[in-house]
Amino acid sequence: MEIRQLRTFIQVANCEGFTKAGERLGYTQSTVTNHIRAIEEEVGNRVFDRLGKTVTLTDSGERLLTYAKQIVQLHDEAVRSAQCMETPKGTIRIGANESLMAYRLPTILSEYKKKYPNVHLLLQPSENQSLQQELKEGKFDCALFINPERLNEDIVTIDLIEEELVIVASPNHPLAKGLNIHYHQLKNEVFLLTEPGSYRELLESELDERRIPYHALSFWSIEAIKQSVKAELGLSFLPKMTVCEELSRGELVQLQLACQTFIVHTQLAYHEDKWMTPALESFMHTVTTQAKEWK
Numbered sequence: 001m002e003i004r005q006l007r008t009f010i011q012v013a014n015c016e017g018f019t020k021a022g023e024r025l026g027y028t029q030s031t032v033t034n035h036i037r038a039i040e041e042e043v044g045n046r047v048f049d050r051l052g053k054t055v056t057l058t059d060s061g062e063r064l065l066t067y068a069k070q071i072v073q074l075h076d077e078a079v080r081s082a083q084c085m086e087t088p089k090g091t092i093r094i095g096a097n098e099s100l101m102a103y104r105l106p107t108i109l110s111e112y113k114k115k116y117p118n119v120h121l122l123l124q125p126s127e128n129q130s131l132q133q134e135l136k137e138g139k140f141d142c143a144l145f146i147n148p149e150r151l152n153e154d155i156v157t158i159d160l161i162e163e164e165l166v167i168v169a170s171p172n173h174p175l176a177k178g179l180n181i182h183y184h185q186l187k188n189e190v191f192l193l194t195e196p197g198s199y200r201e202l203l204e205s206e207l208d209e210r211r212i213p214y215h216a217l218s219f220w221s222i223e224a225i226k227q228s229v230k231a232e233l234g235l236s237f238l239p240k241m242t243v244c245e246e247l248s249r250g251e252l253v254q255l256q257l258a259c260q261t262f263i264v265h266t267q268l269a270y271h272e273d274k275w276m277t278p279a280l281e282s283f284m285h286t287v288t289t290q291a292k293e294w295k
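As numbered in UniProt numbering, residues 1 to 295 make up the sequence shown, in order.
It is worth saying that the hints were derived from the structure and are not from the lab. Don't take each hint at face value.
What the hints assert, rightly or not - Label pairs and their calculated CB-CB ranges:
1. G44 <-> R24: 23 to 33 Å
2. H182 <-> K20: 47 to 57 Å
3. G44 <-> L202: 57 to 67 Å
Stated by the list, open to error - Derived EDC-like pairs: lysine to aspartate or glutamate, alpha-carbon spacing no greater than 20 Å straight-line:
4. K240 <-> E201
5. K139 <-> D154
6. K274 <-> D159
7. K187 <-> E206
8. K292 <-> E281
9. K240 <-> D159
10. K139 <-> E293
Being a predicted model, the structure only gives us computed values, none of them experimental. No residue lacks a Cβ here, since even glycine has one placed at the ideal position from N, Cα and C.
Can you make the complete structure from the sequences, with help from the hints?
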């Protein structure tokens with residue numbers, strides 16, 4: 001049996017069909033059929049029952065599937081091990097939300113390009129709620145999330161750092177004078193927030209639970225949010241890393257909620273079946289190393 005035949009067998013088992021497996025692998029249906037026929041001739045048994053358009057594993061197929069996965073995994077590990085002696089090259093496709101793209105990734109990318117100039121980095125901003133599916137579909141090789149929820153079982157995550165989320169206001173805002181504020185003081189305030197499905201939900205759920213009315217305006221740019229808060233158009237709820245400079249210069253003020261701190265996690269994520277090329281492996285190592293120096 002050849003590795004490519006075993007890959008086809010595994011994909012047919014996963015897809016429960018020859019046509020869909022062929023589409024995923026880029027094979028014609030006749031090629032898929034030939035691969036399965038070759039396996040069945042070698043083992044001397046049928047590995048699939050074909051009932052109309054439905055394809056199910058036989059008992060022999062079930063037993064073979066366990067070994068096929070192990071063989072393919074060992075093959076891929078052997079190839080990766082041999083490749084690790086090579087200089088990283090190729091392309092890495094990276095997805096991240098705007099906060100991380102603007103405030104965490106630049107130093108990582110700078111460090112990585114110095115070490116590995118032959119690797120081409122493709123960056124694309126995306127929403128937290130979309131990144132998981134895009135990883136699953138193979139659109140990205142890896143992604144950076146802020147507090148992803150309900151992760152798919154086949155997405156692997158590495159915790160990088162805890163991020164504090166803060167409510168910020170213009171220094172001229174009436175609430176900016178108090179050391180601590182309470183939720184009831186936020187009644188009918190205007191909040192300038194990032195896209196739905198992100199960390200904004202942490203604040204919204206707290207306000208909704210306490211039945212505190214508020215007005216929310218959605219922005220797709222953190223810079224636009226900060227400028228609007230400075231112009232006294234409302235409050236905002238952002239990762240502290242994105243407003244550190246404005247807080248230190250006194251352009252924005254952090255409103256401290258009494259007995260309440262919001263913490264989320266920045267995570268590096270990839271699909272569990274992703275082939276770890278030397279380029280991707282070295283990039284992920286750079287990310288985890290750089291993250292230890294984040295504040």
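Hint-by-hint comparison with the structure:
no.	hint	result
1	G44 <-> R24: 23 to 33 Å	holds (28 Å)
2	H182 <-> K20: 47 to 57 Å	holds (56 Å)
3	G44 <-> L202: 57 to 67 Å	holds (59 Å)
4	K240 <-> E201	holds (16 Å)
5	K139 <-> D154	holds (15 Å)
6	K274 <-> D159	holds (18 Å)
7	K187 <-> E206	holds (12 Å)
8	K292 <-> E281	holds (17 Å)
9	K240 <-> D159	holds (18 Å)
10	K139 <-> E293	violated (29 Å)
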